[in-house]
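Chain E is fixed; fit chain X onto it per the hints.
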Amino acid sequence: MDILSLFVIVPIITVIALGFSKGLKQSRIVALAGMLVQLGMSINLIFAYLKERAVNDDIMVFVKDIMWFEQFNIHYSVGVDAISVVMIALTAVIVVAGIFISWMVDDLPKEFFISLIILSTGVFGFFISLDLFTMFVFYEIAVIPMYLLIGIWGSGPRENSAMKLTLMLMGASAVLSVGIFGIYFNSNIGTDGPLTFNILEIAQVNIPEAAQNLFFPMVFIGFATLGALFPFHTWSPSGHASAPTAVSMLHAGVLMKLGGYGVFRVAMYLLPIGAINWSDFFLVLASIGVVYGALGAIMQKDLKYINAYASVSHLGLVLFALLMFNKTAWNGAIIQSLSHGLLTAMFFALIGMVYGRTHTRDVAKLGGIMKVLPFIGAIYVITGLAYLGLPGFSGFVAEMNIFVGSFQHDDTFHRILTILAVSSIVVTAVYILRMVGKIMMGPLSNPEYANLPKATWYEKVGLVMLLIPVVIIGVMPFGLGEMLKESIEPFLERLL
Amino acid sequence: MNLESFLLMRYEIGLLAVILLLIVFEIFLNKKHKGSLIDIAIVLFTIHTIIGFLPLADGSIFGGMFKTNALLHFFKSTLNVGVLILLLQSADWLKEKVVQQNKSTEFFILLFSSLLGMYYMISSGDFLMFYIGLELATLPVAALVAYETFKQDSAEAGVKFILSSALASGTALLGVSFLYATTGTIYFDAMAEVLTMSNLSILGFIFFFSGLAFKISLVPFHFWTADVYEGAPISIASFLSVISKGAAVIILMIILFTVMKPLMPVWIKVIYMVSIATMFLGNIFALRQKNMKRFLAYSSIAQAGFILLGFLSNDQLGYTTIIYFVAIYIFSNLGAFGVVQAISLATGKENMDDYEGLYRTNPKLSLVMMLALFSLAGIPPLAGFFGKFFLYTAAASQGYYLLVFIAVVNATISLYYYLLVIRAMFLRKNENAIPFFKSQPYMRLGLLLASIGILVIGMYSPIYEYIYSISNSFLN
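As given, the protein sequences belong to chains E and X, one line each in that order. In terms of my numbering, the first sequence is residues 646 to 1141. In terms of my numbering, the second sequence is residues 24 to 499.
Not one of these hints is a red herring.
Facing chain X, according to a computed beta carbon distance under 7 Å, are these residues of chain E, among others: (1) Phe714; (2) Gly796; (3) Ile797; (4) Glu804; (5) Leu812; (6) Ala819.
Once the Cα atoms are required to be at most 27 Å apart in a straight line, the calculated DSS-like pairs of lysine-lysine come out as: (7) E:Lys667 x X:Lys452; (8) X:Lys372 x X:Lys174; (9) E:Lys667 x X:Lys387; (10) X:Lys313 x E:Lys809; (11) E:Lys667 x X:Lys461; (12) X:Lys461 x E:Lys755; (13) E:Lys809 x X:Lys452; (14) E:Lys755 x X:Lys452; (15) E:Lys670 x X:Lys452; (16) X:Lys387 x E:Lys755; (17) X:Lys461 x X:Lys57.
Just so you know, the hints here were simulated from the structure itself, not pulled from any lab data. The C-beta atom is built at its ideal place from N, Cα and C for all residues, glycine as well.
Chain E extracted, bound-state conformation:
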């Protein structure tokens, strides 16, 4: 069995094993075991990749290709470059942390873990796919379990949030599918070969400009909706707010990354001329998203809403950086994806812990939590600081790269947008510091909070797992940059 297909097979086996398990204790052990194997594999994959890269300079390594539907030339085709490798590692970390955080899920635990792992199967499959069809299949597999996860285990207006999220994302994927057809039916221009869904083969072809201009926005919007592009972000805040903790983590941490990854790998890589022609338009939208998300976060009173809007802002930065068309900015976009994934997952985990104890997420009602919950409080402060871009953590590295990259454009249009986007850093500092200060510091807001239970071992493990990579990226960004450099190269060749 090849090293990449295992990333899909292990979760499937886990799901089957979960089908036979009973009760919370068995289910969580099975789920944890399966996902720990997955985490081990993904760490192994990083080293295997570095080793392979030293001797192999193909764009994708560990390529495996099986014919699926011959008449359409659809293959099950997998392969990875550095970008997918780090995304897979991110996913594995967050899924395991998510299982720790949902250690005590009481309602239908088996079904909860099954849905969670099906979702992660979709995400893993998406990151390893080289075939647009396979990729699309995994994309939808990743989205649909969200409906059950939010709808059954969520809180607040869960039914409506789940419906809105599912319909918007599936609608986006519908638009995406039209774009994919557009690419597919132009994939043999000038080669006389068969039509193909294979990304690497399509990248050899120059699709006519008219077709690129037509289909780029479809593919872009199809993916970027998942990446919370303004004005298609509205599913995100309500979805996050209603979702149970682990689902918010996975959702903001991993699922939304599919958007940025897809934009980069499919929309921009396969339709470069369309990307350049449309870049100004989408750049404006992304910048609006960055600022709007940040301002939205200031206005919110619910902890989850604050983070949801913050995600809109930070993921807007990813799209913003991708549309800057240079190496530094792209590097920043990828690091920002990782960093935001980890930090948001931490935030949602922490919010879940606070909410689980105090039963409120209202900033106004919380205060002085640090005194009773020192561990959670300390991590909360660290996360907050990392989120607003304190040097030494991943957030700083990411934003630094993005803004250095975007400032390389010296025309007024890009300058203005860059300055606008940079201003979001200040706004981020405002809402993060205000939130952290209000709920963690100061006097205890409610005397009942004095006896809140301390953080349990599984909560601590989950948080520390997420914190470690944040610090590693923050302290040693060059290792990651070095790894990504070669994989960004083909994009540079194609787009510049």
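For chain X alone, kept in the frame of chain E given last:
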């Protein structure tokens, strides 16, 4: 003509034998053991289905009136499997409601006669055989729709069905007579050679198409669908929505791509418009349905609109995709109707509200329903996704991107109402949920077969490849 050539009608002869054997059994069975007639019928039909899978030569008999080829062979087997699942799913209903009234043989005879009519209809080589098949397929169903004579709804549905299908076949016949007037023949092969674009032949096509559109319940010929499904016994609603519709789609495909090929520029436009109208209307009406049978009726109208996308691609890709989607649709819809049947039989409840909290009491049934609905909605990795994706591909291959866009928008709308059922079953908690019940073995087997179909037909690509390899065979 020698005796061997009769073997080309193996399906028809086999089914006729099943019908006759059932009559014999009924005569000799003791009154106390009438219930075992159901088992006998299922066993006989299973044997018939298995024999159907044996290889069969291509050919035509009766001077070209009756044709058979690999594609029809495959499709008759698909219909057989569909009917077998349907029989398994309705066995309990028959035992509980029908055997007491001493009417079970009639049920099988009528059902099998209708299937026999479909065999003849899709195998026809001229319009006479086609029309006989069509009538034979329709008339017994009218009796079946009104089968629950103790229910007023059922009788009303029977009347509605017979009136509208009489109108439909009359219309089709008028179309055929116009075509005859322009070409002077009713044989498909001969007509294909001489048919040209003229006002009369176009009018003939329109009437003929309207007649079949009734069967497939395309907009604007869909008005009977919801009422009839609601009034008819669930097995029969299921039969109408999968078997009858599937057969009508196939013969429509055969006739459009062979006989009416010269009129293609006209019928492409008609199909294009009807497809859009059918998808939108089916979906919009499905949104607000509370009764599961009506809900599935409108959903199956919308699905018919999707099937039409395949007609826009005049090549092997198009034919294959139509057949492939119809096969998938048969299994998916049978899964959904099977669950509705099981619940209705155990509790008498047929409304979506009654399904609230079903997962917590009957998880397996809910899962089958979820599989079926997700397949209908086109969610991977279930079969429906592959079917829909390839239909879009077929339409996009001819450059109909706008239509594909409209179709994907409709797929999203349809997802909403399928999710409403999922919401009721999985998301809602209900104190008075339908209590746990155990279905009979037949029903479980029926649901299992449907679920296997939903899971396997899509992902297991050799099935598609097999259909592709035979899909051209109706052209010669």
